[in-house]
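Listed in order, the protein sequences are those of chains D and Y.
Quick note on the numbering used here: the first sequence kicks off at -11 and runs consecutively.
Quick note on the numbering used here: the second sequence kicks off at 126 and runs consecutively.
What the hints contain is simulated information worked out from the structure, not anything from laboratory work.
All C-beta atoms in this analysis are idealised placements derived from N, C-alpha and C, irrespective of residue type, glycine included.
Everything hinted at is true.
Footprint (simulated), chain D over chain Y, 3 or more residues, beta carbon under 8 Å: (1) 292 to 301; (2) 304 to 315; (3) 327 to 340.
Simulated crosslink set (DMTMM-like; lysine to aspartate or glutamate; CA at most 25 Å straight-line): (4) D/Lys53 x Y/Glu356; (5) D/Lys53 x D/Asp208; (6) D/Lys53 x Y/Glu224.
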Amino acid sequence: MKTRILGAVALLAVAAASVNALFIVPADLNQGEAQRIMYVHVPSAWLAYLSFGVTALAGIGYLWKRDLRLDHVALSAAEIGVMFTAFAIWGGMMWGQPVWGVFWQWEDPRLTTTALLLALYVGYLLFRRLTDDPHRRAARAAVVGLVAAVDIPIVHFSVEWWRGLHQGPTIGSPDRILNPAAPMQFVTALLAVLGAFTVAWAWLMIRRYQLAAAEARLEDAARRTRVAAARRATVAAARAEEATR
Amino acid sequence: MSGMDAIRTDLGVAWAIARKDALSELRGRQAAGSTLFFAALVLLLFGFALGPDTRRLTEAAPGLLWLAIVFGGLLTVARLHQLETEDGALDELARYPVERRAIYLGKAIAGLGAMLVLGGVLLPVVAILYGIDLLGAAPALVLALVLGSIGFAAVGTFYAGVTVRLRAREVMLPLLMLPVIAPLLLAAVKATAAALGGDPLGELASWLQLLAGYDLVMLLAGAAGYGFLLEE
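Let the hints inform the model, and build the full structure from the sequences given.
Shown next as structure tokens:
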């Protein structure tokens, strides 16, 4: 019930913040309507980083406490993080086409970093599906998630440097708007979508966690059934052998 | 046991494991030779893909060299763990009463040795095929190659351990590892290009430092994480 209320609040908040960002706030003078993409792009990127942070922390927590619930949290956050990373890249490309003239701007460190981020965590999710034992899977996934998290700052730093030493053109970045000179209306609109998306993220996390826990129970039940069936078969075979003697 | 003794024991164990891997690689199996040949073949194919203009190949040479090292390296680190999967040798290794980080270090040293052989073979091939003067840039080039190989072996040993027991390990190893080594590739290519071009912008030292930092971080992360992979 409480989760449903949270879901309803998230829906209303996202709707209200979207209406504000799409229709009420004026369009940017230089970039025109395309600038409104930022209202989806920036919260998506923020939630992607938040999710992967949660995955790393939950992984550490699992290795420490060996509690599978923490592994469910790590999985849920990684999956939701991949979704928001894809949103962020999609939004960035849609914004890049009218503003930069290309979908993919190699000189933009954020875009290239985010693409690697997506690859890292898609790999993490695919890897999880290949191990059957829940504890073994949780421990290995935690370690893989941690190394990925360690890699992120290095990726960001090196790509930034790559461009910096390259003397690339100065690029108007989507979140340049957050500087103090930006009109107050833009800032509040951005803060509103950030807040609304974060509430929606919390709701998604709870639902995905519940699903992960249910899946784990199902997996466990299936395993028990298999073990019991195998045991019965062994007993029956032994009896049959005895009978023939 | 004091701290120094523990470190000495770890290094001894690591060295023994590296020696064992090197020996089993040199005796018996011919896979190492095939990997070297494969990587050289990749360089030849890059020539077909981008040639026949030699100038273009010369320009792209640092990137192509490192891509060939990455492809050959993927096979190399996978093989070093593959040796262990037969006859339950990996479980045996995990049961040894030694520190897991020493096992990791030993595997990484063996990987580093194989990577250095790979790089040493590919460098002259690149020089011949893409028309590059190696001798002028030798010290910086060797340094970039060594630092890049250390990082690759550090990451590769960890991910080979991650994937060794998986059914789909052939595809999972590159899938997990390639995004992680992206900064290494970037820095190694930049350092190699700077070394070959005489470093007109004075950026060589920065890229080498980035490589060294990457190596250190990944060695520590790999040593810390590897133990969890050997768990039952």
